[in-house]
Amino acid sequence: MNLSKNMKSVNEGLDRSKTYVLQEAMDLVQKFKFSKFDESVDLAMNLNVDPRHAEENIRVTTPLPHGTGKAITVLVLTQGPKEKEAQEAGADFVGNKDYLTKIKNGWTEVDKIVATPDMMGELGKLGRILGPKGLMPNPKSGTVTMDVAKAVKDLKAGQVELRVEKTGIIHVTCGKVSFGTEKLVENIQTVYDTIMKARPASVKGQFLEKMSVSSTMGPGIQIDHSSIR
0 MNLSKNMKSV
10 NEGLDRSKTY
20 VLQEAMDLVQ
30 KFKFSKFDES
40 VDLAMNLNVD
50 PRHAEENIRV
60 TTPLPHGTGK
70 AITVLVLTQG
80 PKEKEAQEAG
90 ADFVGNKDYL
100 TKIKNGWTEV
110 DKIVATPDMM
120 GELGKLGRIL
130 GPKGLMPNPK
140 SGTVTMDVAK
150 AVKDLKAGQV
160 ELRVEKTGII
170 HVTCGKVSFG
180 TEKLVENIQT
190 VYDTIMKARP
200 ASVKGQFLEK
210 MSVSSTMGPG
220 IQIDHSSIR
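Under numbering that gives the first Met the number 0, the first residue of the sequence shown carries the number 0, and numbering increases by one thereafter.
Please note that the accuracy of each hint is not assured.
Unchecked claim - Distance condition first, Cα-Cα at most 25 Å in a straight line; then the derived SDA-like pairs of lysine to any residue:
(1) Lys96 - Lys152
(2) Lys209 - Ile168
(3) Lys155 - Val143
The hints are simulated quantities; they were obtained by calculation from the structure and are not laboratory data.
From just these sequences and the hints, can you work out the full model?
Written out as structure tokens, the structure reads:
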């Protein structure tokens, strides 16, 4: 009964053939919140790129003005003085050989891994475990660095990675429904600006083909990205 009532509300209030300006789209996200938990708000961007070409395999990061609303657990793999630096920056786990062994045995109970360059030789051997989970550190995402304190603080503050999938789509969480329209608009504007700046020179014609947003349990809402400035 509740499901049919909610679907009726969506069908009456959402024109699926229409693209909405960003502000309207976020208002609709708020309107179509039916669950009791605080749903995530996810953005999908369809790009006119071929990730098989190195230049078009987009992978950039950006801090969101209002974060993602999710607590991020960070493991820092390093040694020497950098261990203390990572701990003071707020890393949840810090170490080297002990954590490499744990990962080798299947432990991946973290959201992000930061590593100093000297750790990558051993860490690279664990690609089959970390790769599929999106946990392998990479210089492009700022997770292979000597400045571990900055990396940890950025991740904890809500930095997101924008990485194009093989289908040419970028998926990213932009906050929670409870953020409200204004904060969600600012977060998505930031993602949009970051992606547009990352446009490869090799791309001809339209770069961003489609943009849509949805909450965890809500409908997909198309955004008129041409209205974003």
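Right, here's what the structure says about each hint:
no.	hint	verdict
1	Lys96 - Lys152	holds, 23 Å
2	Lys209 - Ile168	holds, 9 Å
3	Lys155 - Val143	holds, 16 Å
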